[in-house]
Amino acid sequence: MIDKLLPCLLSGVSVGGQYALIAVGYTMVYGILRLINFAHGDIFTAAGFFMVYLAASLPLSLSLPLVILLTVALGFAVERVAYKPLRSAPRMSVMISAIGVSYLLQNLMWYITGGLAKQYPVIPWLSTSIAIGPTSTKIVTLFTPVLTIILSVALVTLIRRTKIGMAMRAVSRDFETARLMGIKIDSVISATFIIGSFLAAVGSVLYFSNYTSVTPTIGAMPGLKAFVAAVFGGIGSIPGAVIGAFVIGICENIIKMLGYTTFSDAFTFALLIVILLFKPTGLFGEKISEKV
Amino acid sequence: MSHVLRLENITMQFGGVVAINDLSMHIDQGEIVALIGPNGAGKTTAFNCITGVYEPTNGAVYFNDQCIVRNQPTGRMKKLYAGDNRTPCEGPRIAMTPDKITKLGIARTFQNIRLFKSQSAFENVLIGMHLRRTSNPFSATFRLNLQEEKQMRQQAMELLEIVGLGAFAYEKATSLPYGQQRRLEIARALATQPRLLLLDEPAAGMNPQETDELGEFIVRIKDDFKLTVFLIEHHMNLVMDISDRIYVIDFGRQIAHGSPAQVQDDPEVIRAYLGEEEA
Amino acid sequence: MSLLQVKNLKVNFGGIEALKGISFNVDQGQIVTLIGANGAGKSTTLRAISSLVYPSEGSIYYEGRDITRLDPQKIVEMGIAMVPEGRRVFSNLTVNENLLIGAYLRKDKAAIAKDMDHVYDIFPRLGERHWQLAGTLSGGEQQMLAVGRGMMSRPKILMMDEPSLGLAPMVVQDIFRIIKRLNEEGMTILLIEQNANAALHAAHYGYVLETGHVAMQGTGRELLENRQVREAYLGKSAKR
Amino acid sequence: MKKSTRMIIGFLLLALLFLAVWLIERAMGTNSMVITVLKKGAVYALIAVSMNLLNGFTGLFSLGQAGFMLVGAYTYAVFTIPMAKRMAVYQYYQGGIIQFEIPFFLAILLAGVVAALFAALIGMPVLRLKSDYLAIATLGFAEIIRAIIQYDKLGPITNGSNLLKTYPTFTTVLFPFVVSAVCIGIILLLIHSTYGRAFKAIRDDEIAAEAMGINLFRHKQLAFVVSSFFAGVGGALLAMYQGTVQANAFKSAMTYEILLIVVIGGMGSVSGSVMASFLFIACSEWWMRFLDSELMIGTFKVPLLRSGFRMVVFSILIMLVVLFYRRGIMGDRELSFDMFRRRKGVASK
Amino acid sequence: TIKIGVFEPASGDNGAGGKQETLGIEYANYVVPTVEVGGETFDIELVIVDNQSQTDKAVSAAQSLVDAGVSIVLGSYGSGVSMAGGEIFQSAKIPAIGCSCTNPGVTSLCDYYWRVCFLDPFQGTVMANFAMDEKAATKAYVLTQLGDDYSTGLGFYFQRAFAALGGEVVAGEFPEGTSDFTAYLNNAINDGVQVFFCPTSTTSAALIIDQAASLNVPFALMAGDTWESSVILEAAKGKNVEVFCSTFFDEKDESSTIAAEFVAGFKAWMNANPDKLTNNGGNDIVAAVSALGYDAYMVAIEAIKTADTAVPDALTLILPSVVHEGVTGAISFNEIGDANKDMAYIKKVNNETGAFDFVKTQSVADLG
Ligand SMILES: Nc1ncnc2c1ncn2[C@@H]1O[C@H](COP(=O)(O)OP(=O)(O)OP(=O)(O)O)[C@@H](O)[C@H]1O
Ligand SMILES: Nc1ncnc2c1ncn2[C@@H]1O[C@H](COP(=O)(O)OP(=O)(O)OP(=O)(O)O)[C@@H](O)[C@H]1O
Ligand SMILES: [Mg+2]
Ligand SMILES: [Mg+2]
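Protein chains in written order, with our numbering: chain A, 1 to 292; chain B, 1 to 279; chain C, 1 to 240; chain D, 1 to 349; chain E, 1 to 368.
Bound conformation, chain A alone:
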């Protein structure tokens, strides 16, 4: 049993870590703009392609930071072009804009790459296989959850304890009053997107080191799962997103191990719905109790 369970848990934790990095990006943006940033998964994919193309001509030591830089720039640009003009528009329009950006990015990537799967470059240290008990895995599998947890603790501290974190929380509630306090809301929102995209870039490096091929739509599924994880944990809550991601990652793998492969995705959603029935705002979501 244990030799079956161990690899299963191992990949569960690793998958969970990957979802978590993406989920935190979702949750941050949602926490501030109340916007489901549908384009987040595509930014993640774009980071994968940046690496494929950059690593083809540059050494890793250069391409790695460049990838992160480009991804952050992309996230920033998406915010400025597609979301900023809609600050005062109805919420639904912003969300449609997000869907539009997601379409655009996917189609652009398809147009440019021709849709063929591209091999992700091997990052020596991360891609090395190591043996754990009866099974073997890549180092990245173990590295991902650790890094995820470190990054999310750092983020939580940033948001709870720092001035910019406080400003983010204020902006999330009321743009106008936040401006009255002297907060530059555009900078705060950009900062959020920069952090989110940074996490997506880091996530993409870890993800694709594990699953070495990049296609224009590859981000869609992890994106959706990460989003489910964010909702599961209570959207807007960073620890919630992380925990949700791990729960989903591990459950998914256990279900598959038990042979119910047809319903592994359906199960994820069913789990989410059951949780929501008991906790309508997710595990750690703040109750939307409006004072009447």
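Worth flagging that the hints you see were computed from the coordinates, not collected in a lab.
Mixed in with the good hints there might be a few duds.
As the list claims (entries may be wrong) - Below, computed lysine to aspartate or glutamate pairings styled on EDC-like, alpha-carbon distance capped at 16 Å: (1) E/K305 <-> E/E36; (2) C/K74 <-> A/D186; (3) E/K360 <-> E/D253; (4) B/K172 <-> D/D332; (5) A/K163 <-> C/E97; (6) A/K4 <-> E/D191; (7) B/K172 <-> B/E123; (8) A/K184 <-> C/D71; (9) B/K117 <-> D/D204; (10) C/K109 <-> C/E128; (11) D/K130 <-> A/E286; (12) A/K184 <-> C/E63; (13) B/K172 <-> D/E25; (14) E/K3 <-> E/D313; (15) B/K100 <-> D/E206; (16) D/K85 <-> E/D111; (17) B/K117 <-> D/D205; (18) C/K74 <-> C/E63; (19) B/K222 <-> B/D28; (20) C/K74 <-> A/E286; (21) C/K10 <-> C/E57; (22) E/K348 <-> E/D253; (23) B/K117 <-> D/D332; (24) A/K163 <-> C/D108; (25) E/K3 <-> E/D308; (26) C/K7 <-> C/E77; (27) B/K117 <-> D/E101; (28) E/K135 <-> E/E242; (29) C/K156 <-> C/D115.
What the hints assert, rightly or not - Below, a sample of chain B positions facing chain D; criterion: calculated Cβ distance under 10 Å: (30) F14; (31) R114; (32) S118; (33) Q119; (34) I127.
Ideal Cβ positions, reconstructed from N, Cα and C, are used throughout, including at glycine.
Fit chains B, C, D and E with the ligands to the given chain A structure using the hints.
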């Protein structure tokens, strides 16, 4: 001893915060009763307990001798429960939803105006009439209720005329000036054909002149519609002018009760609420 | 020269002219009040000064500088703070954080802490609840918080939009006392009030707004004694 | 103008429209691009309006539309495949276990009913959820439904992952037009009834709506079930249009597409949804096709044109519409006589 | 001019394969750009549309071919879209020739569809036999993609054949968009299978191969025609994993001169044109689907020549009797419209060179 509204030992706790503490009161047919008290005393919370928005931690509410709310601390609240009245309310739990309570005949307005923003004044009132419909989705869709619909429209128009908004019937609710929005909220509440009307700070944001007019208006609709009115207000001129009785609460507890004159001179009320100058 | 000068200010909302050319001055160290019926354009005036809405015409001068259409945060930086209509506290922040965010542009930690104690001094109720999320405060408590938050930026001009809205009589008295006290401490105050009586009593100078333009002006006392003002805004209380 | 005369003119215009469509079909033949686009546009119009009823009018942010369409499409297809063809269609399942067929109009109705039943079941737990939580729960249900339909063990009924075919399809473009028009008409009637007003009240302010005596759950449930009924009917029509159905196509992307149409048309505008459907379909499937193939003008090769470019341009177009028409083509207004009159008034000024 | 419709995905899940198939057709058009009808020479113009690999989009794509007035249609990669398009072609009475769509339903449910490749039942049986004979397998894991008719169909036939031969099968299904296949691979390891049959799209294939390699799986991976792709080669290159696939054609097969000629010509044509090379995936390896596309085009030309007209009705009538010696073997149609093809090529990835090694051909006759 048939009261229109009776609260029995209501306690409302939010975690450790006791917003209402063992509050009992009653209102009789045709009265205008005011509920006053410092900010945060628990007045709005009391309204919310009566209308089913919040479920009180302990206590019961009766409307025309029918129990509409009853609860006692259970589970986690048992330990946290801090009300004065340590003997929990007897009887099975009753928790009617706000819509049921409105249907029984209690209507309310809100401290922060909550009109249906995208709708016209007329439609706002029409929506208030929805709960008295006799049509079902099928008959309503296929216009088998033409007679009723016509009647509803007519009544809605009449209500608007009564509150003086006849001319603004087709204006968007949110484009009306503040004072008129308040009146519209009252018209909408009247549309539900209530027996008891709860008004939460109806004069907030009005200048003294408008406040005076509002006072007259409340008395008038009370008589015209054979209502009982329960009112929260901080404008003392208004309260003292129109109320038959006044309850004063502080920290969720009743500190005084009586006619306007009695309450006005109560030292406890002056200390906690009115302040020296006003007295 | 006045500290704040508003000249021929016009504001449009999609075709509707909310302000039709308003001019007034606020002198250093004064309490100036704007009164007027609902929808007269009082709030819009303050919002225009804070650059939350941009005027279509006219200009605003502060210490002689044209500040029309500057960014809102620049305006705050220059020392103009606003207590907005309807409280607008940050419901997901605690009372403490709400005050801290009022001091967002300030760097002097020690002084901020002192000012915070000062606010808690004035509003002991807030002190009791400093850990509570602002969204769960009662209406009046939120109003106190909004005023306290406005004070935290140590503005030269504090603009208050109906600060007494929904407050208990005693607290209304407190608010006006505090307004006077802040003014005595050197703060210039631009006050909007429905409670015209109290406002005019407190103010050095007042302007009466009617449907987007200034209908009358004068010292507080002059306006209080004006028959038109009494009839339109002061109600029975004044007639008594 | 009096209300009754307006109604008459409205019906006349509608009849005229039908006549025009019929004439086009006569002129171009049933097999032409215009007709194909008109067919799909009509089907999508119904689906978009049904989604608008939920998202735009009741304020329930639901992303389950594709799931209900899927249920409708499959119900229709499963019950109308001719007996003779079942062996070939259910090639992996010995002809399946459903060994009868029902008339196609009954099947369309049944499609709606089954989708509505699903909605009633699903609604019970999920309608308690708010905004985005509701969205993700409904999206999840759509995905679960898809997984179930694709489930191998259910193959004898659903044909598993394989597509269904050979059932009756449109013989004339008028059919989807008439069915859609009737359905949209019913939705319009509902929206303008006292129930419709209650829906809008819930959208604007749930707490106030409840305080006005509106039973939130029952009304939400009603909107959800009615919307799903028409989504099911729309699914059946879509199946007829496509000639084949496969669960695989009913992914969340399809829901997003419909949501796009709804928002581009204007949340809370039925006429907006209808217009946006036709525009969207024509644009994505017809007018812009040329962008996909290389084009030589003389010896000059137009740059950028190659496969995939159409979708890039299309998504840019969507972005532009969203950014510059924030509230959609129609906002929350409806196409009406007054509108034209006012337009004219403005123009003549 | 005579117009021939090319009904292929250029985007969506099967976009990459569709492009390769289109390349074969384009090359064929380059080789034979004209046809003689009634003594007059006509140019042949290809009308290419993108069906986006989706059945709901395929309808209007097919319709646009009909609108363009094509005489005959070639394609598509992917059976689902072919069936969806078939509806339209049928109602417009335009014949269509499938190149690589292997699902029986394409022709059996549509009177206007023919095809030049073999079918899933055959392919599945071939691979089951190969697993039994060559790999001495007694137990196999079959992994298919939920909702993908190609994948589940081929999996079904493999499973049936393998069981009929006395083998034991464990089945798994993965939802679209899955990236993590370790759970399935681990299950297979635990079940002690000798072969892992996973007829999937190339996207999933690359992931499966990579993860199988890092898990050091003790079994061979096997799949159908989709895996004959440079993506697979890239993924398996330098890794310790055995990969087999069955396909329609082998570019290194020297036995047929027509095929050898085609391979040489096609490579030269692609290499002369960077765009084409990109569409092929960046190298000049000849995909079997390109060869099938080429053949389908040639069959269409043959039909036009034989009928001596390009009127769709006439082509429909003549097609059942058309015979053609193609690069993928002799093509003639049975009464359902399928090519009488009885030979599959089995190839293995060479992990060192990163190319396909030809293993054997297997025909129905061999299977007995
Ligand atoms: N949802 C809630 N969660 C936590 N505390 C609450 C909640 N609602 C009310 N309270 C607390 O209960 C107390 C009473 O609030 P309430 O709104 O009833 O006051 P009020 O008497 O209406 O005051 P005001 O006159 O200012 O409107 C306040 O201290 C408030 O902070
Ligand atoms: N965002 C807006 N869009 C459209 N019209 C607006 C907007 N804000 C204000 N108005 C209109 O401008 C006019 C002036 O409004 P304003 O809020 O300044 O009045 P006020 O004097 O502050 O009234 P109150 O006493 O009700 O606060 C009103 O007619 C109002 O309807
Ligand atoms: Mg209150
Ligand atoms: Mg105002």
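Right, here's what the structure says about each hint:
1. E/K305 <-> E/E36: 7 Å, holds
2. C/K74 <-> A/D186: Judged against 16 Å, a Cα distance of about 14 Å means the pair holds.
3. E/K360 <-> E/D253: 11 Å, holds
4. B/K172 <-> D/D332: 13 Å, holds
5. A/K163 <-> C/E97: 10 Å, holds
6. A/K4 <-> E/D191: OK: A/K4 and E/D191 at ~10 Å, within 16 Å.
7. B/K172 <-> B/E123: It holds: about 9 Å lies between the C-alpha atoms, which stays within 16 Å.
8. A/K184 <-> C/D71: Cα-Cα ~9 Å, so holds.
9. B/K117 <-> D/D204: 6 Å, holds
10. C/K109 <-> C/E128: 22 Å, violated
11. D/K130 <-> A/E286: 13 Å, holds
12. A/K184 <-> C/E63: The given pair, whose Cα atoms are some 23 Å apart, is violated under the 16 Å limit.
13. B/K172 <-> D/E25: Roughly 44 Å separates the two Cα atoms, so the pair is violated.
14. E/K3 <-> E/D313: 15 Å, holds
15. B/K100 <-> D/E206: 15 Å, holds
16. D/K85 <-> E/D111: 13 Å, holds
17. B/K117 <-> D/D205: 8 Å, holds
18. C/K74 <-> C/E63: Holds: C/K74 and C/E63 sit about 14 Å apart, inside 16 Å.
19. B/K222 <-> B/D28: With a Cα-Cα distance of about 13 Å, the restraint between B/K222 and B/D28 holds, given a limit of 16 Å.
20. C/K74 <-> A/E286: 33 Å, violated
21. C/K10 <-> C/E57: 5 Å, holds
22. E/K348 <-> E/D253: 14 Å, holds
23. B/K117 <-> D/D332: Distance of about 13 Å is within 16 Å: holds.
24. A/K163 <-> C/D108: Within the cut-off at roughly 13 Å; holds.
25. E/K3 <-> E/D308: Cα-Cα ~15 Å, so holds.
26. C/K7 <-> C/E77: Outside the cut-off at roughly 22 Å; violated.
27. B/K117 <-> D/E101: Given pair B/K117, D/E101 is violated - Cα atoms ~50 Å apart, limit 16 Å.
28. E/K135 <-> E/E242: OK: E/K135 and E/E242 at ~11 Å, within 16 Å.
29. C/K156 <-> C/D115: It holds: about 15 Å lies between the C-alpha atoms, which stays within 16 Å.
30. F14: Status violated, d = 17 Å.
31. R114: Status holds, d = 4 Å.
32. S118: The hint holds - B/S118 has a Cβ within 10 Å of chain D, the shortest such distance being about 6 Å.
33. Q119: 6 Å, holds
34. I127: 4 Å, holds
Violated hints, listed in ascending order, are 10, 12, 13, 20, 26, 27 and 30; each of the other numbered hints is respected by the structure.
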